[in-house]
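**Student:** Sequence:
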Amino acid sequence: MNLDRIIAVRNNKTVYRDGDRCVKVFIGPYPQSAIYREAMNRSIFLEAGLRVPKIFEVTEIEGKPAIVSEYIRGKTLERLMRETPEQSGALLTLFVRLQREIHAKSAPAFFRLKSVLLEGLSEHDLPEPYRARLYAEAERLPDGDRICHGDFNPTNVIVTPEGKSYILDCPCAMAGIPAFDAAITYQNFLWKTPGLAAQYLTLLCGTDDAMRASVLQLSTLAAALLYVRTKNLEQRGQLRARILSEMDAQAD
1 MNLDRIIAVR NNKTVYRDGD RCVKVFIGPY PQSAIYREAM NRSIFLEAGL RVPKIFEVTE
61 IEGKPAIVSE YIRGKTLERL MRETPEQSGA LLTLFVRLQR EIHAKSAPAF FRLKSVLLEG
121 LSEHDLPEPY RARLYAEAER LPDGDRICHG DFNPTNVIVT PEGKSYILDC PCAMAGIPAF
181 DAAITYQNFL WKTPGLAAQY LTLLCGTDDA MRASVLQLST LAAALLYVRT KNLEQRGQLR
241 ARILSEMDAQ AD
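When the letters of the sequence shown are read in order and numbered with full-length UniProt numbering, they come out as residues 1 to 252.
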């Protein structure tokens, strides 16, 4: 196995290309269960008819756990948006179409998004009474049975030179309600590319005012989930400030 060509470096992992294979090597303490869960999630996406890179094996490389999968040649939507800003509307439309395709599938074997959220809220360091209010809101969430990517953003879609689009990185995938998954995406846009957040919401919801209201209503809970999950200190600070500000506004 040739691991000379690095194609991505992320938190606790490095991704290499080895011919027609992609090798994701996990660095540092990383729960083995989380690695197998990521591989299982990808398999569930494939079985649901969603286009994701195929998994070949979960293995060890020089004592480090790794996932070996199909290498997809192309560019991420995030890169295409940067390189061709005049095409951002069409690219965002493609992004929304893919998210709708994900949400159209059921997910009987996934962890429940609601359960993951409740567990995270019970452990995070937001002050009272904010934490208690968020926990009460989370308990009222419907369970839902739709596939939710959990981190759907333009870096997690790759488009090949032939125009085929593939969904990437689904370790956070869960079963839940589409509006909550959309709220996570909306919060990601607010963090990374705030100029696209409103456009994303308009494309996703169209004239469905109830869907728009639901996404916006759930956005504070989505921010709380991202706050629990992220290790980016700058993002944590911004999310914390946004959560407290939004909850103060709701209380007025």
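The set of hints was computed from the structure by calculation and includes no laboratory data.
This structure is a prediction, so every number in the text was calculated from the model and none was measured.
Glycine residues also receive a C-beta, built at the ideal position from the N, C-alpha and C atoms.
Heads up, some of the hints might be wrong.
Restraint-style ranges between C-beta atoms, simulated for each label pair [unchecked claim]:
#1 Thr-207 <-> Arg-133: 26 to 34 Å
#2 Asp-20 <-> Glu-62: 34 to 42 Å
#3 Ala-132 <-> Glu-60: 41 to 49 Å
#4 Pro-29 <-> Pro-194: 43 to 51 Å
#5 Asp-20 <-> Ala-104: 23 to 31 Å
#6 Ala-132 <-> Lys-64: 21 to 29 Å
Once the Cα atoms are required to be at most 25 Å apart in a straight line, the calculated BS3-like pairs of lysine-lysine come out as [claimed, not checked]:
#7 Lys-13 <-> Lys-75
#8 Lys-114 <-> Lys-64
#9 Lys-105 <-> Lys-54
#10 Lys-75 <-> Lys-164
#11 Lys-54 <-> Lys-192
#12 Lys-54 <-> Lys-75
#13 Lys-231 <-> Lys-192
#14 Lys-105 <-> Lys-13
#15 Lys-54 <-> Lys-13
#16 Lys-64 <-> Lys-231
#17 Lys-13 <-> Lys-231
**Student:** Each hint needs a verdict: does it hold in this structure or not?
**Tutor:** Here's how the hints hold up against the structure:
| no. | hint | verdict |
| --- | --- | --- |
| 1 | Thr-207 <-> Arg-133: 26 to 34 Å | 31 Å, holds |
| 2 | Asp-20 <-> Glu-62: 34 to 42 Å | 22 Å, violated |
| 3 | Ala-132 <-> Glu-60: 41 to 49 Å | 43 Å, holds |
| 4 | Pro-29 <-> Pro-194: 43 to 51 Å | 34 Å, violated |
| 5 | Asp-20 <-> Ala-104: 23 to 31 Å | 30 Å, holds |
| 6 | Ala-132 <-> Lys-64: 21 to 29 Å | 40 Å, violated |
| 7 | Lys-13 <-> Lys-75 | 20 Å, holds |
| 8 | Lys-114 <-> Lys-64 | 32 Å, violated |
| 9 | Lys-105 <-> Lys-54 | 18 Å, holds |
| 10 | Lys-75 <-> Lys-164 | 11 Å, holds |
| 11 | Lys-54 <-> Lys-192 | 28 Å, violated |
| 12 | Lys-54 <-> Lys-75 | 18 Å, holds |
| 13 | Lys-231 <-> Lys-192 | 15 Å, holds |
| 14 | Lys-105 <-> Lys-13 | 29 Å, violated |
| 15 | Lys-54 <-> Lys-13 | 19 Å, holds |
| 16 | Lys-64 <-> Lys-231 | 21 Å, holds |
| 17 | Lys-13 <-> Lys-231 | 13 Å, holds |
Hint check: violations occur at hints 2, 4, 6, 8, 11, 14; the rest are consistent with the structure.
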